[in-house]
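Whole structure, please, built from the sequences with the hints as guidance.
Protein chains: 2
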Amino acid sequence: MIIDCHGHYTTAPEGHDLFRELQKARFRDPSKPRPDYPQISDEAIRASIEANQLRLIRERGADVTLFSPRASAMAHHEGDEALSQEWTRFCNDLIHRVTTLFPETFVGVCQLPQAPGVPIAHSIAELERCVLELGFVGCNLNPDPSGGHWAGPPLTDRSWYPFYEKMVELDVPAMVHVSGSCNHNFHATGAHYINADTTAFMQFIEGDLFADFPNLRFVIPHGGGAVPYHWGRYRGLADMMKKPRLREHVMRNVFFDTCVYHQPGIDLLFRVIDIENILFGSEMVGAVRGVDPETGQFFDDTKRYIDALPIPAEAKAKVFEGNARRVYPRLDARLASQGR
Amino acid sequence: MIIDCHGHYTTAPEGHDLFRELQKARFRDPSKPRPDYPQISDEAIRASIEANQLRLIRERGADVTLFSPRASAMAHHEGDEALSQEWTRFCNDLIHRVTTLFPETFVGVCQLPQAPGVPIAHSIAELERCVLELGFVGCNLNPDPSGGHWAGPPLTDRSWYPFYEKMVELDVPAMVHVSGSCNHNFHATGAHYINADTTAFMQFIEGDLFADFPNLRFVIPHGGGAVPYHWGRYRGLADMMKKPRLREHVMRNVFFDTCVYHQPGIDLLFRVIDIENILFGSEMVGAVRGVDPETGQFFDDTKRYIDALPIPAEAKAKVFEGNARRVYPRLDARLASQGR
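Sequence order for the protein chains is A and B. Numbering-wise (my numbering), the first sequence opens with residue 12 and increments by one. Numbering-wise (my numbering), the second sequence opens with residue 12 and increments by one.
A portion of the hints provided could be inaccurate.
All copies of an identical chain are treated as equivalent in the list; a pair is satisfied when it fits inside any one copy or across any two copies.
[Said to hold, decoys possible] Computed cross-link-like contacts, SDA-like style, restricted to lysine to any residue with a CA-CA straight-line distance of at most 20 Å: (1) K253 x P46; (2) K253 x R37; (3) K327 x G72; (4) K314 x N63; (5) K327 x S157; (6) K327 x S59; (7) K254 x R300; (8) K254 x A199; (9) K253 x Q308; (10) K35 x R57.
FYI, nobody ran anything at the bench for these hints, they're computed from the structure.
So, in structure tokens, the structure goes:
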């Protein structure tokens with residue numbers, strides 16, 4: 012079985028995004044009418060999925076996708092906490108409808124109602140709702156709800172601990188995933204995403220978070236940002252900081268996906284990172300949608316790069332399936348309940 | 012000949028750093044006496060270099076190092092413009108003394124007196140002084156003088172143009188190099204440095220800076236941040252943004268050094284980036300000073316990784332010498348004047 016741990020609903024029916032625009036417009040001008048969330052038919056959802064993700068999944072040969080709301084549209088820096096709570100609930104409910112319409116293919120991962128300066132404990136109720144009521148198996152945690160200003164505390168700060176306690180209790184991992192950038196220095200998918208991945212990993216090195224939470228698990232997307240390319244730097248910095256080796260200090264709890272859009276990058280990832288720490292992901296339909304003129308294939312068809320690796324079938328099976336079932340126990344339980 | 016394009020004076024005599032502490036203390040409390048810059052003897056400078064950089068250069072087999080003040084101590088976010096101007100001048104003068112004491116080994120690259128919110132034009136006089144009076148061949152340009160808050164404009168903004176005009180007039184490149192971080196999210200050498208490299212490259216993709224300045228040249232250090240690892244992403248994003256191919260759009264003007272501290276990273280760099288765009292660098296004595304337990308060699312002995320590459324001698328000669336002489340014409344002229 013092939014499980015893609017990183018898919019976003021970037022093709023949601025138009026009314027969903029239109030609601031968001033009206034919602035933000037009313038925040039800026041409260042004299043405007045409160046928008047109603049639109050009626051979106053099952054047919055519209057089906058069509059948006061079948062023409063995009065499902066078509067590509069079938070063409071490329073995956074079976075299951077961990078599916079979450081569009082990351083760039085989480086936009087925790089827009090509006091206030093109430094706006095974020097409302098938007099997040101609609102986004103997660105829409106994902107739930109997708110997972111209900113396509114129960115064999117899509118499994119839910121939730122957005123959180125974060126907002127700058129708001130305690131992360133305020134996101135616990137939505138996590139519980141999504142996991143316990145909607146059957147979701149993980150969440151996307153934004154390490155910078157200020158959208159590129161990095162105005163909050165690092166992920167190792169104790170202010171995050173109430174949320175981590177709930178993650179451990181529910182046995183769900185988080186993907187560390189920022190949203191759009193409102194800092195004009197950072198292009199969202201070309202700088203802010205990758206920087207956030209790198210930043211989170213270095214925060215984990217500097218801290219001792221996993222001594223406090225040995226069962227806490229994070230997936231760092233986009234192949235771990237810059238980390239595998241600079242693996243020597245990170246090993247050396249951990250050594251200079253008198254930390255344990257990365258394998259013990261961080262890599263029992265941190266996993267990288269395979270959203271790296273060319274063969275040399277995937278080759279490097281698999282050369283330096285233990286196979287147990289790599290989860291197949293494509294971020295599809297996502298950041299880079301074109302065809303690589305050097306290969307004639309889609310940049311984000313990351314399965315091809317893994318297929319091309321000269322590694323044993325058992326290793327590929329871990330990356331495609333086994334590791335995801337281990338990191339997301341609720342996914343494993345759901346698949347098992349389907350006899351898979 | 013082997014030219015290291017990236018060395019910092021991280022081992023300056025104690026009095027230099029002590030002055031900085033007193034200077035900052037007086038900024039915070041102007042009732043304190045104005046500190047005098049200490050008398051530093053030639054012997055103290057010689058000793059600090061011979062025991063460190065020169066010893067390592069000899070052991071590792073390099074010939075010439077482009078030498079600049081300690082990057083993390085530029086700290087443009089500390090104090091105000093006057094403080095930055097004073098500190099920068101002392102730092103560059105100290106580098107000049109090193110280049111005078113060791114004229115065959117060290118060639119100067121200057122720090123700039125940047126400060127948050129201060130026009131970059133205020134850094135032109137120091138660039139001219141260093142290049143025209145002190146014989147320096149390049150500069151370190153900080154894309155984020157706010158020290159991790161990224162409060163200024165991107166490098167493609169027209170506010171930087173007066174400085175770029177002077178760089179072109181003097182025919183000197185800039186290394187894009189941030190300083191320390193005062194944002195607790197970003198570890199300096201583990202996150203802020205690498206993020207800045209990635210961010211600068213993506214800014215160059217988004218903009219059209221090199222259409223305006225076809226002769227402007229930047230070295231992005233630390234192997235280009237995350238860029239080579241995500242080369243497919245950057246090619247794909249440029250394509251989505253309807254930009255020319257990266258080779259034409261950016262890579263006529265942008266070069267990466269080899270400060271990547273393990274063999275797999277260097278292998279990737281050389282696999283995806285054209286040989287004309289890679290300059291040998293070690294950042295030595297710098298960010299990571301230890302010995303890699305996996306190899307028994309120093310992490311930052313980057314020459315070993317290049318020596319181990321199965322590429323022709325002519326390619327290595329470009330990386331070790333030819334590219335640096337092309338990117339830094341004033342270095343080439345200086346070496347030629349020495350009959351080298």
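task = Starting from the hint list further up, note which numbers the structure goes against and sort them upward.
result = 1, 2, 5, 6, 10
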